[in-house]
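Trainee: The lines below spell out each chain.
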Amino acid sequence: MSHRSEPLALRLSLGLIRAFRKVVPAVIRDEWVREWEAEIRHRWSTVNQRHAVNWRDRADLVRRSTGAMADAAWLRQQFTFDRDIMRDVRYALRMLHRQPALSALAVLVLSLGIGGTVAVFSVIDTLLLRDLPYQDANRIATVWLTNREHPEEREGVAPGVFLDWRTRSTAFETIAAEDPFSFDYLEGPVPTTLIGGLVTEGFFEALGVKPMLGRTFLREEHIEGKSSVAIISYGTWQRLFGGRSSIVGEKVAFESRTYEIVGVLPRWFHPDMQHMVREEEIWAPKVLQKFEYDNRRTRYWTVVARLAPGVDLRQARVELSTISSQLARTFPNTLTNMTATLVPFRDHLAGPIREPLRVVFGAVVLVLLLGCANVASLLLARAADRQREFALRAAIGASAWRMIRQTLVESVVLSTLSCLAGLTVAHAAISGLVAVGSSTVPQLGELALDGRLMTFALGASILTAILVGLWPAIRLSKRATRDELAQSGAGTTGGRDRRRFVSTLVVSEVALALVLLVSAGLLIRSFNTLASVDPGFSEANVAVLQVFPYGPRYRTDAQRQVFFDQALDRIRAVAGVERAGLVSAMPFGAANINIEGGFKVEGRPELPEADRPSAFLTVATADYFRAMDIQLKHGRVFNDDDRMNGTLVGLINDKIAERFWPGESPIDQRISVNWLGRWRTLQVVGVVGRLRHEALDRDARAEVFMPLSQTPFGSMTFVVRTRGDAAALIPSLRSRIWEVDGNLPIYDAATVSALVAHTLAARRFVTNLLSVLAGLAFLLATLGIYGMLVFSTTQRTREIGIRMAVGGKAGDILALVLGESARLISIGLVVGLLGSMAAARLLAALLYSTSPTDPLTLAATTILLAAVALLACYVPARRATRIDPLTALQT
Amino acid sequence: MRTTYSTALVLEALAHGYHYGFDVMDATNLPSGTVYPILRRLEREGMVTSQWEADGVAQNEQRPPRRYYELTADGRRALADTTDRYRAPRGARALRPARHSRG
Chain A
1 MSHRSEPLAL RLSLGLIRAF RKVVPAVIRD EWVREWEAEI RHRWSTVNQR
51 HAVNWRDRAD LVRRSTGAMA DAAWLRQQFT FDRDIMRDVR YALRMLHRQP
101 ALSALAVLVL SLGIGGTVAV FSVIDTLLLR DLPYQDANRI ATVWLTNREH
151 PEEREGVAPG VFLDWRTRST AFETIAAEDP FSFDYLEGPV PTTLIGGLVT
201 EGFFEALGVK PMLGRTFLRE EHIEGKSSVA IISYGTWQRL FGGRSSIVGE
251 KVAFESRTYE IVGVLPRWFH PDMQHMVREE EIWAPKVLQK FEYDNRRTRY
301 WTVVARLAPG VDLRQARVEL STISSQLART FPNTLTNMTA TLVPFRDHLA
351 GPIREPLRVV FGAVVLVLLL GCANVASLLL ARAADRQREF ALRAAIGASA
401 WRMIRQTLVE SVVLSTLSCL AGLTVAHAAI SGLVAVGSST VPQLGELALD
451 GRLMTFALGA SILTAILVGL WPAIRLSKRA TRDELAQSGA GTTGGRDRRR
501 FVSTLVVSEV ALALVLLVSA GLLIRSFNTL ASVDPGFSEA NVAVLQVFPY
551 GPRYRTDAQR QVFFDQALDR IRAVAGVERA GLVSAMPFGA ANINIEGGFK
601 VEGRPELPEA DRPSAFLTVA TADYFRAMDI QLKHGRVFND DDRMNGTLVG
651 LINDKIAERF WPGESPIDQR ISVNWLGRWR TLQVVGVVGR LRHEALDRDA
701 RAEVFMPLSQ TPFGSMTFVV RTRGDAAALI PSLRSRIWEV DGNLPIYDAA
751 TVSALVAHTL AARRFVTNLL SVLAGLAFLL ATLGIYGMLV FSTTQRTREI
801 GIRMAVGGKA GDILALVLGE SARLISIGLV VGLLGSMAAA RLLAALLYST
851 SPTDPLTLAA TTILLAAVAL LACYVPARRA TRIDPLTALQ T
Chain B
1 MRTTYSTALV LEALAHGYHY GFDVMDATNL PSGTVYPILR RLEREGMVTS
51 QWEADGVAQN EQRPPRRYYE LTADGRRALA DTTDRYRAPR GARALRPARH
101 SRG
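Sequence order for the protein chains is A and B.
With the numbering used here applied, the first sequence corresponds to residues 1 to 891, in that order.
With the numbering used here applied, the second sequence corresponds to residues 1 to 103, in that order.
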């Protein structure tokens with residue numbers, strides 16, 4: 001385009017562009033030149049058209065063309081950066097592709113770590129972090145009556161105590177109680193019992209929930225005669241009423257009484273106040289009865305409170321503690337040592353999973369770290385292959401950053417792939433958690449892989465990439481810029497830095513794996529100890545069905561007795577039934593009827609009121625003891641002679657016997673018990689073994705049994721021992737009961753082993769989860785140690801070759817390599833043991849009669865890990881002894 | 001995006017109908033060594049697109065086709081943000097109405 005004839009200024013400008021073009025990256029060079037030339041020529045011609053070109057115009061054109069240098073330089077720099085990153089990515093992908101097995105392993109390891117972390121984080125997020133839908137949820141707390149000596153054993157609250165709290169406390173905006181209650185719904189295909197609660201004023205306000213349809217209760221509805229209104233849960237609305245929106249205002253019969261449905265609660269509302277096997281499904285207003293004001297003994301209400309604005313949990317605790325002390329002084333026989341425990345609502349909801357969750361999260365993070373260590377070692381091994389390349393590049397001026405970047409890009413590529421795989425793992429794990437966990441913690445049903453978790457996963461992967469890549473990267477580049485070029489490629493002695501790095505990795509892998517193994521070991525031991533606790537009965541092949549025969553068809557004790565007799569007769573006639581009895585307080589039962597009453601031994605001096613013993617009072621028939629296989633230690637169980645008009649008799653358990661008649665027989669002794677407010681004297685006819693009721697880790701109670709024939713009672717559970725699988729017989733047992741009364745709901749039908757298992761579910765869950773993680777850690781550590789040793793012996797091929805050339809024997813070499821490994825493994829084990837001690841503090845709360853420093857567990861896991869780790873070293877060590885000195889020295 | 005005062009001026013010029021590198025320099029009083037890297041960066045970031053002028057127009061004027069720059073929707077948004085930050089920029093006030101129509 002340029003011609004000699006063109007003016008100097010134009011020629012000069014175009015010349016500058018041509019001079020600068022070399023700077024511009026080749027792919028866009030021609031375009032760049034075209035653009036600049038076009039601008040310059042256009043400018044020249046427009047100026048020419050307008051007026052005679054003067055020196056200013058010329059100078060301006062040249063000045064502008066000079067600026068092209070800045071443009072060219074900018075493009076060059078950008079392009080170089082892009083190209084380098086792209087080259088790093090391509091290089092990383094090529095490296096991954098070249099060693100597919102190793103790469104797959106690295107991705108697998110990281111994806112398990114990332115996926116596991118994400119899944120566990122999702123549980124933590126749902127239970128502990130996410131905003132609860134309850135309004136101002138951090139101001140809500142549940143309140144429990146607890147013994148100052150055993151604050152972890154939360155009991156319900158006696159009505160009178162709740163009323164005292166309500167009157168005396170100022171820390172709460174609202175404090176309300178739920179009185180457990182059940183509603184029999186007979187309109188459906190089979191009679192059903194809805195679990196429910198009668199709630200005092202302000203219950204829903206305390207919980208900060210507004211119904212999705214209708215309203216909550218009015219103040220005047222807590223008055224006798226106005227209280228036939230009810231609010232139902234979302235589930236009940238869907239199940240029983242097909243989700244029709246006209247339900248509000250409808251009148252629904254619950255057995256003999258008709259309630260108007262005034263509200264439907266939102267779907268997320270699961271207060272789980274009673275922490276029972278089943279959740280509440282319906283609520284009605286509580287009308288306070290006169291006797292309830294004075295009942296400070298029977299602890300069966302659950303209480304929820306909303307803190308007043310500006311009051312924190314600690315202040316509320318102090319106030320309730322003070323009130324409790326005052327109450328204990330006024331009512332020493334019932335409330336001595338009793339205090340109130342406030343549980344933040346979030347913790348209440350998370351229930352038994354809360355503590356274990358932290359442990360599991362810790363474990364997952366350890367596995368992730370272990371995964372990182374493994375992958376870091378993998379990258380290091382790879383990078384070592386490129387050491388000469390790095391060194392060369394450093395020598396010709398590549399910056400340290402440039403080399404760090406390349407290694408980092410590789411780890412980013414690796415962790416991005418792992419993140420994708422990890423999300424799949426997380427998805428599977430979360431489905432598993434929902435399936436297993438939601439029966440224990442209702443809220444877990446809401447787990448899902450959402451945007452928050454994706455973000456978390458991404459964060460975890462980036463962090464992983466840095467953890468995995470940065471260390472090897474920095475170490476490599478440091479060495480590369482220093483001395484590596486002076487050494488030969490395979491390394492004479494492997495370089496002190498690299499060996500230190502390998503050592504650190506081996507030590508930390510052993511340590512991390514040991515911490516996890518010890519923790520899992522302790523949990524397994526604790527779980528086995530707990531699961532093998534003798535509950536006092538044999539749980540296999542026993543079915544239980546609970547009924548509450550009250551209402552118009554059961555006005556008298558005689559009517560109820562007829563029902564029980566007929567139902568028992570029919571149940572016993574079912575093929576496969578061995579024994580069938582009745583009991584009021586069924587151990588591990590869904591609705592435990594716990595009646596605690598005062599207890600006196602006749603002929604012994606009366607103790608001061610505060611020390612007066614109490615016992616749990618249970619009504620039963622003789623076959624209950626046989627069906628449950630409860631040990632009869634002395635005397636007899638009930639028999640047909642124990643009639644209403646005969647001598648009142650009772651059985652005591654060995655806990656009472658040991659306390660009051662140590663070393664002598666209590667048979668024919670007389671005791672008095674306070675049965676529902678009235679003292680009655682019983683003649684002891686037998687002693688039975690003690691039973692655990694709430695859970696295997698709770699102590700057995702002092703229990704007195706009275707025969708149903710002498711103690712008419714309605715809330716009873718059929719206890720049926722079967723010859724085969726009890727669960728299979730439940731449907732026919734149900735229908736036998738319904739043959740006698742087709743309108744009687746069966747509150748809960750289950751096998752005893754399922755009931756016991758339910759109390760262990762949370763522990764089993766955590767133990768299994770941690771065992772899987774520990775297994776994974778074990779595998780990772782073994783692979784990691786093996787990989788490291790293979791790497792470091794390969795690096796020392798020359799050295800070993802020299803040793804053998806100067807007469808070293810295979811045994812010496814083996815001892816050398818193994819000895820060094822053993823030293824590293826020992827250090828790892830010591831560090832791991834120290835770590836386990838620290839971790840055990842976290843674990844202590846989860847362990848049942850197992851010491852966090854249980855010597856057997858510590859020894860067994862340490863030996864196991866040491867043995868396997870040494871084995872992992874043996875293979876590469878053996879290989880080292882077969883090195884041919886000639887070949888080794890040639891490389 | 002990092003929006004410097006110069007970037008704001010370039011955006012402003014593009015919005016006012018200055019579509020070629022040298023014209024943007026005229027409108028903003030910025031040197032070429034500043035304007036071009038800004039245009040490149042804006043294009044990289046999707047604030048600006050560019051294309052070659054139609055051959056016919058250039059041939060009529062007996063010169064090679066020029067490169068035509070245009071704001072994208074993102075660029076207009078970025079401009080709106082920056083106008084808030086740099087109220088009435090000095091250069092923008094001096095902008096003349098565009099003379100060049102798109103080729």
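Please keep in mind that the hints were generated in silico from the structure rather than gathered at the bench.
Hints are supplied without guarantee of correctness; some may be wrong.
[To be verified] A few chain B residues that don't get close to chain A, going by computed Cβ distances all over 12 Å:
no. : residue
1   : Pro37
2   : Ser50
3   : Arg77
[As the list claims (entries may be wrong)] Estimated spans, in silico, between C-beta atoms of each pair:
no. : chain 1 : residue 1 : chain 2 : residue 2 : range
4   : A       : His427    : B       : Arg77     : 47 to 55 Å
5   : B       : Val57     : A       : Arg21     : 19 to 27 Å
6   : B       : Asp55     : A       : Ile466    : 30 to 38 Å
7   : B       : Thr49     : A       : Leu779    : 20 to 28 Å
8   : A       : Leu779    : B       : Ala73     : 49 to 57 Å
9   : A       : Ile396    : B       : Thr49     : 50 to 58 Å
10  : A       : Leu218    : B       : Ala73     : 50 to 58 Å
11  : B       : Val57     : A       : Ala26     : 43 to 51 Å
12  : A       : Pro309    : B       : Arg77     : 42 to 50 Å
Ideal Cβ positions, reconstructed from N, Cα and C, are used throughout, including at glycine.
Trainee: For every hint, state whether the structure bears it out.
Mentor: Hint-by-hint comparison with the structure:
With a least beta-carbon separation of about 4 Å from chain A, Pro37(B) fails to lie farther than 12 Å from that chain, contradicting its non-interface assignment. Ser50(B), annotated as away from the interface, has a beta carbon of chain A within 12 Å; the closest lies near 9 Å. Interface exclusion of Arg77(B) from chain A stands, the closest Cβ pair being 23 Å apart, more than 12 Å. Range check, His427(A) to Arg77(B): about 36 Å between beta-carbon atoms, so the 47 to 55 Å window is missed.
Range check, Val57(B) to Arg21(A): Cβ separation about 25 Å, and the 19 to 27 Å hint holds. A hinted range of 30 to 38 Å for the beta carbons of Asp55(B) and Ile466(A) is inconsistent with their spacing of about 52 Å. Separation of Thr49(B) from Leu779(A) is about 54 Å and departs from the stated range, judged on CB atoms against 20 to 28 Å. Taking the beta carbon of each, Leu779(A) and Ala73(B) are about 53 Å apart, inside 49 to 57 Å as hinted.
As the Cβ distance of Ile396(A) to Thr49(B) is approximately 40 Å, the hint placing it in 50 to 58 Å is violated. A hinted range of 50 to 58 Å holds for the C-beta pair Leu218(A) and Ala73(B), which are about 56 Å apart. The given range of 43 to 51 Å is broken by Val57(B) and Ala26(A), whose C-beta atoms sit roughly 29 Å from each other. Separation of Pro309(A) from Arg77(B) is about 43 Å and conforms to the stated range, judged on CB atoms against 42 to 50 Å.
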